[in-house]
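Those sequence lines, one after another, are chains S and V. The opening position of the first sequence corresponds to residue 154 in the numbering used here, with each subsequent residue numbered one higher. The opening position of the second sequence corresponds to residue 37 in the numbering used here, with each subsequent residue numbered one higher.
No lab work stands behind these hints, which were simulated from the structure alone. Here the structure is a predicted model, which is why all the values come from computation and not from measurement. Yeah, the Cβ is synthetic: ideal placement off N, Cα and C, and Gly gets one too. Heads up, a few of these hints could be off.
Covered, in the sense of this in silico footprint (three residues per stretch, anywhere, with C-beta under 8 Å from a C-beta of chain V), are these stretches of chain S [as the list claims (entries may be wrong)]: (1) 434-442; (2) 515-526.
Think about it this way: if two alpha-carbon atoms lie no more than 30 Å apart in a straight line, the pair counts; the simulated DSSO-like pairs of lysine-lysine are [as the list claims (entries may be wrong)]: (3) K733(S) to K553(S); (4) K486(S) to K113(V); (5) K624(S) to K53(V); (6) K524(S) to K113(V); (7) K601(S) to K677(S); (8) K297(S) to K100(V); (9) K555(S) to K592(S); (10) K49(V) to K297(S); (11) K624(S) to K100(V); (12) K471(S) to K113(V); (13) K298(S) to K113(V); (14) K297(S) to K69(V); (15) K588(S) to K603(S); (16) K298(S) to K100(V).
Chain S stretches covered by chain V per the calculated footprint, using a threshold of three residues with CB under 8 Å from any CB of chain V [as the list claims (entries may be wrong)]: (17) 221-232; (18) 368-381.
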Amino acid sequence: MRFNVIPIETDVLIIGGGLGGCIAAIKASEHGLNVTIAEKANTTHSGSAGNGIDHIWAYCPSVHGKMGWTINDMFEDHKQAYDLVDKDLFYLVASTMYDRILDLEKFGINFRYEDSKIPGKFRIVPQFHSVPTSFNFDGRDIKKKLTEQAIRRRVNIINRVMITDLISTDGQISGALGLSTRAMDIYFFKAKAIVLSTGRSNRLGRHDSGIDFEWRAPGSLSGDGKSMALKAGLELINMEFLTPSTIRVRNYHQTGGPSGGVATWYPASDVIDSSGKIVFFRDYFYDWKKYFKEKMDATESRTRWLKAIPLHRPGLTKDEYMKVGPLYGGCSKDATDYEIDYIRWSNSNEGKCYRFATYHLDQEMNFNWAKDRIELGPTLRELSSASANGVVVDKNLETKLKGLFAIGDEVGGLPWSAAPGAVAMGWHAGEMAAKHAEKENSFLPVSKGKLESLEELCSNMLSSKEGFYWKEVELTVQNILDLNCSDLRTEAMLRRGIDLIREIKNAPIRAENPHELMRSLEVKSVIDNCELIVRASLERRESRKRPVRFQRVDFPEQDDKNYFAFLALRLEDGEFKFSKIPIKH
Amino acid sequence: MFRPIIISDDICKGCNKCVDICPMDVFVPNPEKGKPPIVMYPEECWYDGVCVYECPLKEQGAIKIITPLPMRVFLLKGKDSA
Numbered sequence: 154m155r156f157n158v159i160p161i162e163t164d165v166l167i168i169g170g171g172l173g174g175c176i177a178a179i180k181a182s183e184h185g186l187n188v189t190i191a192e193k194a195n196t197t198h199s200g201s202a203g204n205g206i207d208h209i210w211a212y213c214p215s216v217h218g219k220m221g222w223t224i225n226d227m228f229e230d231h232k233q234a235y236d237l238v239d240k241d242l243f244y245l246v247a248s249t250m251y252d253r254i255l256d257l258e259k260f261g262i263n264f265r266y267e268d269s270k271i272p273g274k275f276r277i278v279p280q281f282h283s284v285p286t287s288f289n290f291d292g293r294d295i296k297k298k299l300t301e302q303a304i305r306r307r308v309n310i311i312n313r314v315m316i317t318d319l320i321s322t323d324g325q326i327s328g329a330l331g332l333s334t335r336a337m338d339i340y341f342f343k344a345k346a347i348v349l350s351t352g353r354s355n356r357l358g359r360h361d362s363g364i365d366f367e368w369r370a371p372g373s374l375s376g377d378g379k380s381m382a383l384k385a386g387l388e389l390i391n392m393e394f395l396t397p398s399t400i401r402v403r404n405y406h407q408t409g410g411p412s413g414g415v416a417t418w419y420p421a422s423d424v425i426d427s428s429g430k431i432v433f434f435r436d437y438f439y440d441w442k443k444y445f446k447e448k449m450d451a452t453e454s455r456t457r458w459l460k461a462i463p464l465h466r467p468g469l470t471k472d473e474y475m476k477v478g479p480l481y482g483g484c485s486k487d488a489t490d491y492e493i494d495y496i497r498w499s500n501s502n503e504g505k506c507y508r509f510a511t512y513h514l515d516q517e518m519n520f521n522w523a524k525d526r527i528e529l530g531p532t533l534r535e536l537s538s539a540s541a542n543g544v545v546v547d548k549n550l551e552t553k554l555k556g557l558f559a560i561g562d563e564v565g566g567l568p569w570s571a572a573p574g575a576v577a578m579g580w581h582a583g584e585m586a587a588k589h590a591e592k593e594n595s596f597l598p599v600s601k602g603k604l605e606s607l608e609e610l611c612s613n614m615l616s617s618k619e620g621f622y623w624k625e626v627e628l629t630v631q632n633i634l635d636l637n638c639s640d641l642r643t644e645a646m647l648r649r650g651i652d653l654i655r656e657i658k659n660a661p662i663r664a665e666n667p668h669e670l671m672r673s674l675e676v677k678s679v680i681d682n683c684e685l686i687v688r689a690s691l692e693r694r695e696s697r698k699r700p701v702r703f704q705r706v707d708f709p710e711q712d713d714k715n716y717f718a719f720l721a722l723r724l725e726d727g728e729f730k731f732s733k734i735p736i737k738h
Numbered sequence: 037m038f039r040p041i042i043i044s045d046d047i048c049k050g051c052n053k054c055v056d057i058c059p060m061d062v063f064v065p066n067p068e069k070g071k072p073p074i075v076m077y078p079e080e081c082w083y084d085g086v087c088v089y090e091c092p093l094k095e096q097g098a099i100k101i102i103t104p105l106p107m108r109v110f111l112l113k114g115k116d117s118a
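Kindly generate the complete structure, drawing on both the sequences and the hints.
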C-alpha cells in the first residue's frame, strides 16, 4: 500500500498540542516565524488538560512575599516533600508561573473572584507546598482558548498526526516524521527547532475495574516523545519510578476524589471507615488574615505540613487498604454549603472530574453531596507527574540535540511539574526554540532513511495476515510489567522482564487502517517505555520511601550516598548505556 | 461488548463535531451525509465526555455516554456508618 508523503517546512515544530505545546507555539509565534503544531488528536481537547484543569501552582510575590515566604522556602518544601528535584527546573517554573497566570488571563481564562480575601482576588489553596500555592481557576475550556490564541497568531495546527521519529543532522535537530491517524499520509517535516511535548507515559497497565482506557490520564498518551527521544540517543531519567497504586475513588478513575480535603475536594472532605470513624481528616480554608499579620516561620510551617500529610492523604497500597477498608470519602459532616459549592466548582473544571461530578454522580448515581459517601479503592501504578520521569534537559530546556527542546511531562527532574511545568516550560522553550530557529539561515538537509523505514513498517503491518492485533501486544507487555516490575522488585525478576520485553518487541503486528496503524505504533512506544522502566529499576540498587515508594526487595535500605541522583539511560549503537547524574542542591 | 456511546438517530444531524474532537479517535463519519457518525472503536473510549460537551444538540439528547457498570462508583447513601 502506498502512502502519500506530505513534505512540510516549518521554522518551529511543536510535537504534541497539549497544554505545554500550545503555549510553546503561542510564544514562538511572537517572533514572526512559521510555527506548526503536530497533534495526535485535536488541540481543543487533547492531552492531560484536554478536559480542563482547576489548579496550577505558582509563587506569587504579592501574596507569598506579603506572608514573608520566599521562593527559596518553596524550593525547600518541594525538595523535602518530593525527594529528587532538579533545582534549575524548579526555579524556572516557580519564578515564572505567576507571570504565566497573567498571560493566561489575557487569553480569556478567569482567575479572579469577588468573594476572595486574598490580594488580587485569587483563589489559592494548599496542595503541593506548606502554604497555599495552587491557584484554583475556571480552567474548563483552557485548551479551546489556547487553540483559539494559536490560530489567531497564525500557528499552523495539524491535527490527527502521530509523530513517530525525530531526525537529526550532525548533532542538530533537522526534522521529524509523522503518520496521519485517519488517512494514508506520512508527514515529512523539516524544522529549524523542535519542542517535544507529548506528555506523560500512560498505557502501562490496566485498572481493577477491568475497563480498558479508563485511566486518570488520557489513553492517547503512549509515551511517544520518550520513545522518540530514546531512539534519537537522548538520556532519560527517573524511568524507574513507576509509582505504586494509591487509594482514590473505587472503580471510576479521575484526578480528584474525596480523600481528606485535598486537591479537587479541598477543603471539606474526609474519609471514614465502616464504623463511621474519621480516618483521614478534612482541611479548612486557609486563614489568610493570620498569615498576613504575623511573619511566618517557614521551617515551622514545613515541619507541621510534612507531619500532617499522612493525616489527610490515604497513601495506602492495595494490600494496606485490604486491611483497613472499606473506606468512604465525601464532604465532611460539618462542610458548609459554600464549601460544598467550592468543591463542585473545582470538580467541574478539572479534567474527567467534570463528567464524574456533573454527570456520573449528579445524574447517573443521584449523589447527595452533603449526605452520601463514595467508596474508595486502589488506582493503578503510573508514571505520573509525581514520578518526574523523562528527557534530560539543560536549564534552557534544550536536550543534547541542538535545537531540540522538551517541556512539561516530557521532561525529567521536577516532581509535580504538572500544569505549571507545561505552561512555564512551554513558554520558555517556545522562546528558546524561536531564538534558535532565527539563527538558522536555512533548513538542514534531512535524510530519507527513516521515512523509508516508516513506510516499510506500516506497509508490512497493513499487509500482515497473521500478525497480532495491537491490543494483544499491549496486554502482553502490560502483563510483563505488572509482575516483573511491580510494587516489589528484584534483580532476577527485572532481568527476566527485560528478556520478555525484548521478545515481545519482535511480535508481528497487523493493522487494517490508519487508526489501527496509530495504535500499533503507540504500542511500540509503550514497549520502549516499559523497557526503560525495567532497565532503570535494575540500576537503582536501593529502596526509596514516599512519595516514590520504590522497593527493591534485594536492596531494602535507602542509600543516599550512592543513589541520591538521577539515573539516566540512553541508547548508543543499539546498546543501553547507564549513567548517574548527581543532584546538586 | 461495550456500547458506552449512544447516538440518537432521530436527533443527531451528522455535523461530526464529535468526530473532529474525540481525543481517542473512536468515531468515523457516516458514509451517508447528515447521518450520525459510527462509533467504530467503542472499547477505546476514555469516558472523557468531550463528545457530549461539544455536541450542539446535547440538550436535545443527540449523544449520551453510559458509564459501564464496572466503572460506576459504590455509594454509601445518606449515612455516616455502614
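Taking the hints in turn, this is what the structure says about them:
1. 434-442: Per the Cβ count (0), the hint is violated.
2. 515-526: holds (count 7)
3. K733(S) to K553(S): holds (16 Å)
4. K486(S) to K113(V): Status holds; Cα separation ~14 Å.
5. K624(S) to K53(V): holds (27 Å)
6. K524(S) to K113(V): Holds, at about 7 Å.
7. K601(S) to K677(S): Cα-Cα ~21 Å, so holds.
8. K297(S) to K100(V): Answer holds: K297(S) to K100(V) is near 22 Å, not above 30 Å.
9. K555(S) to K592(S): Given pair K555(S), K592(S) holds - Cα atoms ~12 Å apart, limit 30 Å.
10. K49(V) to K297(S): Holds, because 23 Å separates the two Cα atoms, which is no more than 30 Å.
11. K624(S) to K100(V): holds (26 Å)
12. K471(S) to K113(V): holds (24 Å)
13. K298(S) to K113(V): violated (39 Å)
14. K297(S) to K69(V): The hint holds at about 27 Å.
15. K588(S) to K603(S): Within the cut-off at roughly 27 Å; holds.
16. K298(S) to K100(V): holds (25 Å)
17. 221-232: violated (count 0)
18. 368-381: holds (count 4)
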